[in-house]
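Peer 1: The sequence shown runs -21 to -1, 1 to 77 under mature numbering (1 follows the signal peptide of the UniProt record, and there is no 0).
Where hints are given, some of them may not hold.
[To be verified] Label-pair restraints from in silico Cβ distances:
1) Arg5 <-> Pro39: 29 to 35 Å
2) Thr4 <-> Arg55: 29 to 35 Å
3) Glu6 <-> Gly47: 18 to 24 Å
4) Glu68 <-> Gly13: 15 to 21 Å
5) Gly13 <-> Ser75: 26 to 32 Å
6) Thr72 <-> Asp17: 31 to 37 Å
7) Arg55 <-> Leu7: 23 to 29 Å
8) Ile49 <-> Glu20: 28 to 34 Å
9) Glu9 <-> Tyr54: 29 to 35 Å
10) Glu53 <-> Ala23: 26 to 32 Å
Don't read these hints as lab results, they were simulated from the structure.
Here the structure is a predicted model, which means the values were calculated and not measured.
Beta carbons: idealized from backbone N, C-alpha and C, even for Gly.
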Amino acid sequence: MKPHAWILLLLLSLAAVPGCAMNETRELPEPRAGVVADMAEFEAFLALVPTPDEFQEVYPDVVLILPGDIATREYRTDNSRYFADLDEEGRITGGSFQ
């Protein structure tokens, strides 16, 4: 078999594997304006292990701080800034409000 045929066969087989979609879309909660007030709802959202983009889509008014980001350390009590922990795939697995 020709080399380019092997590459084509490999690409077609990868496309047929379920769960490997590059642009996987999933249903997210409706966007919530303002700071986080309902912690149970927020924790249920984090259980989905969202990407940073999904986090910003659902909580557009919460400042998301990712590992390596530079942020000031002023004291906030209004749940308006979330310092996220990420897994190997860059998804949010937890974190804390600061």
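Peer 1: Which hints from the list above does the structure break, by number from lowest to highest?
Peer 2: 1, 3, 4, 5 and 6
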